[in-house]
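K.L.:
Chains as they are written, first to last, in my numbering: chain A, 1 to 334; chain B, 335 to 570.
Be aware that a few hints might be false.
Unchecked claim - Pulled from the structure, derived: some chain B residues nowhere near chain A, Cβ distances all over 10 Å: (1) 337; (2) 349; (3) 356; (4) 389; (5) 390; (6) 394; (7) 413; (8) 415; (9) 424; (10) 427; (11) 433; (12) 454; (13) 483; (14) 511; (15) 553; (16) 562.
Unchecked claim - Computed list of lysine to any residue pairs in SDA-like fashion (alpha-carbon distance at most 25 Å, straight line): (17) A:215 x B:399; (18) A:215 x A:109; (19) A:288 x B:405; (20) A:215 x A:192; (21) B:463 x A:197; (22) B:463 x A:154; (23) A:154 x A:289; (24) A:215 x A:179; (25) A:309 x B:423; (26) A:242 x A:123; (27) A:215 x B:405; (28) A:215 x B:463; (29) A:330 x B:463; (30) A:330 x B:441.
Said to hold, decoys possible - Where chain A lies over chain B, by a calculated footprint (3+ residues, C-beta under 8 Å): (31) 400-412; (32) 438-449.
Quick caveat, the hints were computed from the structure, so don't treat them as lab data.
All residues carry an ideal CB built from backbone N, CA and C; glycine is no exception.
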Amino acid sequence: MTDLINAFVLLSNFVLIPGLAYGAQLALGALGVTLIYAVLRFSNFAHGDTMAFGAMCVILVTWGMQGLGISAGVLPTALLALPFGILGAVALALLFDRTVYRFYRQQRAAPVVFVIASVGVMFMTNGIVRLIIGPDDQRFADGERFIIRAREFKEMTGLAEGLALRTTQGITIVVALVVMVALFWFLNRTRTGKAMRAYSDNEDLALLSGINPDKVVFWTWVIAAALATIAGTLYGLDKSFKPFTYFQLLLPIFASAIVGGIGNPIGAIAGGFVIAFSEVTVTYAYKKFLFYLGWESEGLMQLLSTDYKFAVSFVILVLVLLVRPTGIFKGRVI
Amino acid sequence: MGDPFLIGDGMTGGYGGADILHDCTIGVERGQIAVIVGPNGAGKSTAMKAVFGMLPLREGSVRLEGRDITDLSPQDRVAAGMGFVPQTSNVFTSMTVRENLEMGAYLREDDFEETVAQVFDLFPILAEKARQPAGELSGGQRQQVAVGRALMTRPQVLMLDEPTAGVSPIVMDELFDKILEVAATGIAILMVEQNAKQALNIADKGFVLVQGRNRFTDTGEALLADPEVRRSFLGG
Numbered sequence: 001m002t003d004l005i006n007a008f009v010l011l012s013n014f015v016l017i018p019g020l021a022y023g024a025q026l027a028l029g030a031l032g033v034t035l036i037y038a039v040l041r042f043s044n045f046a047h048g049d050t051m052a053f054g055a056m057c058v059i060l061v062t063w064g065m066q067g068l069g070i071s072a073g074v075l076p077t078a079l080l081a082l083p084f085g086i087l088g089a090v091a092l093a094l095l096f097d098r099t100v101y102r103f104y105r106q107q108r109a110a111p112v113v114f115v116i117a118s119v120g121v122m123f124m125t126n127g128i129v130r131l132i133i134g135p136d137d138q139r140f141a142d143g144e145r146f147i148i149r150a151r152e153f154k155e156m157t158g159l160a161e162g163l164a165l166r167t168t169q170g171i172t173i174v175v176a177l178v179v180m181v182a183l184f185w186f187l188n189r190t191r192t193g194k195a196m197r198a199y200s201d202n203e204d205l206a207l208l209s210g211i212n213p214d215k216v217v218f219w220t221w222v223i224a225a226a227l228a229t230i231a232g233t234l235y236g237l238d239k240s241f242k243p244f245t246y247f248q249l250l251l252p253i254f255a256s257a258i259v260g261g262i263g264n265p266i267g268a269i270a271g272g273f274v275i276a277f278s279e280v281t282v283t284y285a286y287k288k289f290l291f292y293l294g295w296e297s298e299g300l301m302q303l304l305s306t307d308y309k310f311a312v313s314f315v316i317l318v319l320v321l322l323v324r325p326t327g328i329f330k331g332r333v334i
Numbered sequence: 335m336g337d338p339f340l341i342g343d344g345m346t347g348g349y350g351g352a353d354i355l356h357d358c359t360i361g362v363e364r365g366q367i368a369v370i371v372g373p374n375g376a377g378k379s380t381a382m383k384a385v386f387g388m389l390p391l392r393e394g395s396v397r398l399e400g401r402d403i404t405d406l407s408p409q410d411r412v413a414a415g416m417g418f419v420p421q422t423s424n425v426f427t428s429m430t431v432r433e434n435l436e437m438g439a440y441l442r443e444d445d446f447e448e449t450v451a452q453v454f455d456l457f458p459i460l461a462e463k464a465r466q467p468a469g470e471l472s473g474g475q476r477q478q479v480a481v482g483r484a485l486m487t488r489p490q491v492l493m494l495d496e497p498t499a500g501v502s503p504i505v506m507d508e509l510f511d512k513i514l515e516v517a518a519t520g521i522a523i524l525m526v527e528q529n530a531k532q533a534l535n536i537a538d539k540g541f542v543l544v545q546g547r548n549r550f551t552d553t554g555e556a557l558l559a560d561p562e563v564r565r566s567f568l569g570g
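Here chain B stands alone, though its shape is the one from the complex (with noise of 0.2 Å):
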């Protein structure tokens, strides 16, 4: 069996002084959904910004589609197909929501109408919105846009960070329904996420990471049937 479509492999870093993330490793296939768990402060955020391009590594490398990609900025990375939505300020405020479909199609020299429908498909409400400013939208809306925006690029790799942080239950099941849409065409989607629960149950691959380390790694089924797993990271 081959590498995972996008792997980072064996990765230990930090933001110069002590290591965060020691000898992490997380992967992702295409069509599928990887979700990366585990307690505060264990570098999930990190372990994904390592993969993303945005730590340094100190060893380990990262590869998609077999191909060395360690030494890439995280833009050129945006241009090789990842798409990464942050956690926070992930949207431009004082721009319409179209607009900021647009700036996510920023790289793109061809035709982007067909994919700005393709996003109206996936999120309808933001057909409905598409000129108001962004800022505007409640925090779920805001979300989609900042996923739509995400996905203007066509990436063949969607990294989100926490996407249902900050959101009521019922928006969160709804973005899941949507993340679940967007693996369905394909895309491979690697996450960070406080639900672990809820996230493992929709996830085809699940990292439980503890202080920068990979604890277990296992298919979402399989971590929420773990009595360990549950005891110690899902509250029983």
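Next comes chain A alone, as it looks inside the complex (with noise of 0.2 Å):
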């Protein structure tokens, strides 16, 4: 029985946790790419760079805020720079969108082209971004490490095995609800949200209803680049921020949204999470999980190198639109 629980707790500890963290960021990361598709109509290549900008606005004002001695006490001081990384963020997207796609829409340009448009995007951003903080690791996080500890659990319970659970693995999980809540009531409960989601259904009705495109379009824009920013905090926040690897996330949450059914936001968030479970649990070493259920392997017993990981994001992506090519949640087909 032990033995049981010692599983289970060793599993929590090494796959279900982390994957739940990982998956809420992929979620946010690919919310801000599915609106931009269901809205403008094209892939938004330059959405991770986007998520390594708004992050390094967090950090540029966390790290003056910790200077002036602000902190949020046990909650690391990037939530408080939050706000301010989400308006450089939004002031970044609508720059690019009034100098960039606005030329494209009012050329009334073919979906590629944006696409396209969007990879020069995507690296005048990354550029940007190494010119201001640099190519190197920046750590930000502080405040109190742990909510719980693999020492302490072990402690308590007595079990060999211990969980761990940190700040920023739960602060990842009840942010990504909250403003999954948030984003839900808004689509489906203000005015504006109901525009987004009729020109995203329908451009000409919504157009003869009276909706104003340049308001449903400047709307978007807000939301994407705020849903970046938090998602590139809070990965920055529980793994480290790097500029490279958010050129790198775009992979993954590319597979996400498409995944789930690219243009619907509840197949944004579930992709998420079957892309993130997929690459922790191939990834995974269950040596240690299958001894304590009884089984002494000679291997790792895992089934890719975690150096394989994005391998499997695109793996997943091939068969999806190979077999489903509308996604999970019947999505559009790209």
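Combine both chains into one complex, guided by the hints.
P.N.:
In structure tokens form, the structure reads like this:
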């Protein structure tokens, strides 16, 4: 019996909790991608670097606050800096919309043109971030590190295995939940949110109904940039901030959005967790887990090395596009 | 006798290149139904789009209540009191019936609950399905949602592009009954119809177009009685 509990705790510690936190980060990122796709009708390749830019703004403000002695007690100071980071990312997104995307909207350019333009925006954002904060790792987490420490858990329960819950993981899950509830409330209950859905559903009819497209586009960028900043900051707190990792995150984020059904917010959330848990479960070494279940194994019992975690999203992405291009929750076909 | 309430007067124009409409005139009075009929490719829908500002006019003008609205965009014409129901994609399929109506009222700043109630009175089935996505409804019910959405701005003119396309004859009769009810509230109705005979039956005025020109213009009754119209356009 104890062995079974140990096995469960082990799995929670190394698969369940990290998977939930990572899934929440991917889901927030995928929500931004899916919103842009639903309303502006293109795959925004710059989203990963918007996350990096937003997180960078948060870090700079966090450092400023730390210098002034402002802190959030046991919570990371970054949470206080988050609104400022969102403002920064929103400003950047709107700047690029005015200078780049609006031109192509007026031309009624094909979606692929927007995609290529967004790749250009991606490189520019990437460059700006590296110029300002540099290409290296930055740590900005402070406050209490753990909600539950592994050693305390062991002493408390008398189990051989410990369960650790880091503050950043707890915060990630709570913040993601709050943001998702707020987003769905906005989309389903407010006039502007409904107008966004209407515009996404049927642009011509939305125009006939008097919905102002400029306003819809404006709010879409504001929300997407806010989501990107929150996702980027949570990821940076949980792991560490390095501009290049956000570029790499683009693949699992797009995989999440497409697996769930692009253009569908619920799909983006479901897809985020599907991708996160696939990555974590496929790259986890099950040797010790199986030992508790009474099976002594020779090797590590790891399906794939963690180096290949991006391959997991890629394989899932390809499979979904082949078998069910609309994704789990009937999004649009890319 | 003055202008009709809404008139597209001597409209000539096309989508760049050759003209599709040639000196075409279409008008409708308050509380009346005007129907545009004619063979395929006669420019029926184009004429209606021209009245709604979706086709650039080279000559002619569109006047609503005597006011020249030729230069207004379709969106501005909605604000000026015109409602338009396109032939296809005329509902927000992923949104509920109620949300469709709310979007129809997007321009209104006042309380539109009363108008929702009126639409539900007119189309009781919509009240029943208010919380269902419009995409899940049958063809006839969708048309009712589409008309309901256009009525939410309390328009003075309602323009319908083939409202009975693709529905069964029974549903078509029902829709025509509803359209008569709408006209009875004082709204001017202008519609394009494939089912010329049935449409002229309920029409106060009929416009028979051929190749973008007015061929016959008379009351619905007179057109139905005209042997030449019957022979050429109504199948005997």
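K.L.:
Each hint: holds or not?
P.N.:
Cross-check of the supplied hints:
1. Listed as a non-interface residue, residue 337 of chain B keeps its Cβ farther than 10 Å from every Cβ of chain A; the least gap is roughly 25 Å.
2. Even its closest Cβ contact with chain A, about 15 Å, leaves residue 349 of chain B beyond 10 Å, as expected for a residue assigned away from the interface.
3. Chain A leaves residue 356 of chain B outside its interface by the beta-carbon criterion, the shortest separation being 27 Å against a cut-off of 10 Å.
4. Residue 389 of chain B, annotated as away from the interface, keeps every beta carbon of chain A farther than 10 Å; the closest lies near 15 Å.
5. The Cβ of residue 390 of chain B sits about 16 Å from the closest Cβ of chain A, beyond the 10 Å cut-off, so the non-interface label holds.
6. Every beta carbon of chain A lies more than 10 Å from that of residue 394 of chain B, the smallest distance being close to 23 Å; the non-interface claim holds.
7. Residue 413 of chain B, annotated as away from the interface, has a beta carbon of chain A within 10 Å; the closest lies near 7 Å.
8. Chain A leaves residue 415 of chain B outside its interface by the beta-carbon criterion, the shortest separation being 12 Å against a cut-off of 10 Å.
9. Its closest Cβ contact with chain A, about 6 Å, brings residue 424 of chain B to no more than 10 Å, contrary to its assignment away from the interface.
10. For residue 427 of chain B, the shortest C-beta to C-beta distance to chain A comes to about 6 Å, within the 10 Å cut-off, and the non-interface label is violated.
11. For residue 433 of chain B, the non-interface assignment is contradicted: its Cβ lies about 6 Å from the closest Cβ of chain A, within the 10 Å cut-off.
12. Non-interface status of residue 454 of chain B relative to chain A is upheld: no Cβ of that chain comes within 10 Å, the nearest being about 19 Å off.
13. For residue 483 of chain B, the condition that its CB be more than 10 Å from all CB atoms of chain A is violated, with the nearest at approximately 7 Å.
14. Chain A leaves residue 511 of chain B outside its interface by the beta-carbon criterion, the shortest separation being 25 Å against a cut-off of 10 Å.
15. No Cβ of chain A approaches the Cβ of residue 553 of chain B within 10 Å, the least distance being about 30 Å, so the stated non-interface status holds.
16. Separation of residue 562 of chain B from chain A is adequate, the least Cβ-Cβ distance of about 37 Å exceeding the 10 Å criterion.
17. A distance of roughly 31 Å separates the Cα atoms of residue 215 of chain A and residue 399 of chain B; the hinted pair therefore is violated under the 25 Å criterion.
18. Restraint check for residue 215 of chain A and residue 109 of chain A: satisfied, since their Cα atoms lie roughly 20 Å apart, inside the 25 Å limit.
19. Between residue 288 of chain A and residue 405 of chain B the CA atoms are separated by roughly 76 Å; this puts the pair beyond 25 Å, and the hint is violated.
20. Proximity of residue 215 of chain A to residue 192 of chain A is assessed by CA-CA distance (about 9 Å); at most 25 Å being required, the pair is judged to hold.
21. For the given pair, residue 463 of chain B sits about 20 Å from residue 197 of chain A by alpha-carbon distance, which is consistent with the 25 Å threshold.
22. About 56 Å separates the Cα atoms of residue 463 of chain B and residue 154 of chain A, which puts this hinted pair outside 25 Å; it is violated.
23. Proposed proximity of residue 154 of chain A and residue 289 of chain A is supported: the alpha carbons are some 17 Å apart, at most 25 Å.
24. Straight-line distance between C-alpha atoms of residue 215 of chain A and residue 179 of chain A comes to about 22 Å, which keeps the hinted pair within the 25 Å bound.
25. Restraint check for residue 309 of chain A and residue 423 of chain B: not satisfied, since their Cα atoms lie roughly 43 Å apart, outside the 25 Å limit.
26. At roughly 15 Å between alpha-carbon atoms, residue 242 of chain A and residue 123 of chain A fall within 25 Å of each other, so this suggested pair holds.
27. A C-alpha spacing of about 24 Å is found between residue 215 of chain A and residue 405 of chain B, which places the hinted pair at or below 25 Å, so the restraint holds.
28. At roughly 30 Å between alpha-carbon atoms, residue 215 of chain A and residue 463 of chain B are farther apart than 25 Å, so this suggested pair is violated.
29. For the given pair, residue 330 of chain A sits about 22 Å from residue 463 of chain B by alpha-carbon distance, which is consistent with the 25 Å threshold.
30. A hinted pair counts as satisfied when its Cα atoms are at most 25 Å apart, and residue 330 of chain A with residue 441 of chain B does not qualify at roughly 31 Å.
31. Counting residues of the region 400-412 of chain B whose beta-carbon sits less than 8 Å from any beta-carbon of chain A gives 3, enough to reach three: the coverage restraint holds.
32. Figure legend: the region 438-449 of chain B, annotated as covered by chain A; annotation consistent (3 residues with Cβ-Cβ distances under 8 Å, at least 3 required).
Violation of the numbered hints given earlier is confined to hints 7, 9, 10, 11, 13, 17, 19, 22, 25, 28 and 30; the remaining hints are satisfied by the structure.
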